[in-house]
Amino acid sequence: MSSIYFQNTIDIDFGYSFLPRRSTNIADAHGSMMKNLFEQIHELFDRFIIHVEYKFLLPHIDRVQEFLHVIQNNEKFRLIIIRDVPTNEYDRCSNFLSSNLKDINTFILPDVANQNNKQNKHFILTLRDKIWENIPTQCRHNETYLKTKLEHLMNIKYKQHLPGFPFEIVDGDNFYFPYSFLFEALKPFCNHRTLVISVIGPQNSGKSTLLNYMFGTLFDVRDGRCTRGIYGSFVKTNRTDFEYILLIDTEGLLSIEREDPEFDRRIVLFCLAVSHIVLVNMVGEVSTTLQSMLTLCTDSLEKMGADLNIENNRAAIDRIISDLKKFGLGESIDIRKETFHTLPSAYKKEGQTLISNAKLPKAVKTAPEFIECVQSLCGEIIHSAESYLDRVKECLDPLQWLSSSKTIFDTLQKFSDLTYYQDIYERRLDDEIREHIRNDLTKIFSADFRDGLIIESSHKTEQEIHELFLSKQNKIQETARENLRALFKLLKVPDTLRRRTEQFLSVQIIEMFNALQTSTIAVNERERVKLIVRNGEGDLQKLIQDVIQSGQQMSIQEASTQFNRMFDN
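Its first residue numbered 1, the sequence shown is counted upward by one per residue in full-length UniProt numbering.
Hints are supplied without guarantee of correctness; some may be wrong.
Subject to a maximum C-alpha distance of 27 angstroms in a straight line, what follows is the list of computed DSS-like cross-link-like pairs (lysine-lysine) [unchecked claim]:
#1 K147 / K76
#2 K76 / K102
#3 K475 / K489
#4 K406 / K236
#5 K187 / K147
#6 K35 / K147
#7 K55 / K118
#8 K475 / K492
#9 K147 / K406
#10 K530 / K542
#11 K76 / K35
#12 K121 / K55
#13 K460 / K530
#14 K460 / K475
Restraint-style ranges between C-beta atoms, simulated for each label pair [as the list claims (entries may be wrong)]:
#15 P59 / R239: 46 to 56 angstroms
#16 F14 / E502: 38 to 48 angstroms
#17 F14 / R450: 47 to 57 angstroms
#18 T411 / L491: 20 to 30 angstroms
#19 L218 / N155: 17 to 27 angstroms
#20 I49 / Y16: 13 to 23 angstroms
#21 F183 / K492: 45 to 55 angstroms
#22 L68 / Y16: 23 to 33 angstroms
#23 K118 / D173: 33 to 43 angstroms
Hint data in this document are derived by calculation from the structure and do not stem from the laboratory. All residues carry an ideal CB built from backbone N, CA and C; glycine is no exception.
Please construct the entire structure, taking both the sequences and the accompanying hints into account.
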């Protein structure tokens, strides 16, 4: 793949993850391996399988030998697989390998890409057996060496972060936060004050392009979805109030590939919670869906594109500000008309000339006015950060930020209700209904009601208490459900919220009765024990006197048996 997120990266399948457990870890390199990277990591591995196409091998044998020279240690097993060798070239390939790669294990795969060739399966199985026969029984290096080597590689990775190389913060496919890895990778930034700026917006709205031109980062840019999950990039500053800027690039909202509104809301809420400044990048008009999402997540930053006359977007801006203040969110963020900005298109096609061919594609170049506006906007963003930091009087270092972000991420995972509402109206409606339920249940389960149930349950068996409580529970559930449905009609509650609320009501009533039933049974048990002790006190004294007068000696077991027999009678 051409993406910088995949080139020169490595996936590792750890043997302990498989059932049954495997004794071998297998690494798979993406793209064309760079020699300098190979020189850095080769000591981590004991065996190497080099996969080469036949048409590449012949003209590039020198390049292959360069890689083999790096791993010329005889203790390491090296196997070169030459694939897609035509039948009429088989002998030539064998002779070529014999003369150029004498001390290297080789294996020739014919037209392996042809799935109709039944012999391919036989070749693959033979190759697999050859590989497993050469699997080492133990590692060449101990755990301490490997740990030191990995720490050294992470230090190299840290140096790549400095010039703006992107790194993954949240895995978009699995919604996973790699805290342990990030903690080790960000250690070198400890005690360096960092300003955090994130960008959110719809897919293909130019978020990565905006950050790249504004701060000189290297976020991947192309048509379609190029950012999956959340990525970060550090930028060094020459300021005294903060040494670094952590830029956060996010997966596009409202994407066709994902179609997951709850995931979008998680992205927005996470960025709002972990960032000092949130840029909302838009193309064209502000969609109703995104307006609802931003208001729901207590956000108000919108960036209008296409139309450079901000007065033409004044109605949308006023509507967003009004919604936030209406729902009491105006104090959560700095929302003013001055925080909205418009930008021209980043790219434009070359114009048509008299000699140009209209049927041929036009060259696309960066628009100078876009660069000028972006640089001006960058200054305003940094200026707004100054006023913010002056108010809060704190600027976290990356490890403090990471700890806070982990807590926020775990909260999003644990409390899914933070993001499953459709809009702010639905959330406020749910709050109102749940408050009604709490008040209603407080009246129903009053102290008099609880005391009355305990009195009514006295002298009953545990089964009789269970039947009594179940009968009363069913009656109260029916009454409470009817009251709730009347409230639904009054407030015009949507169907999805109705189902969730009815389930919430049912669970609350069931749990209240379960707790009350447990308490009632415990009270009855205490009263029964008191009665037994009170009635048996005289019998116990008589038993003690009889034993003393008779001069009888008892073991602990005999005394316990005699005591239990007295109460059983």
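- Query: Which hints, by number, does the structure contradict?
  - Reply: none
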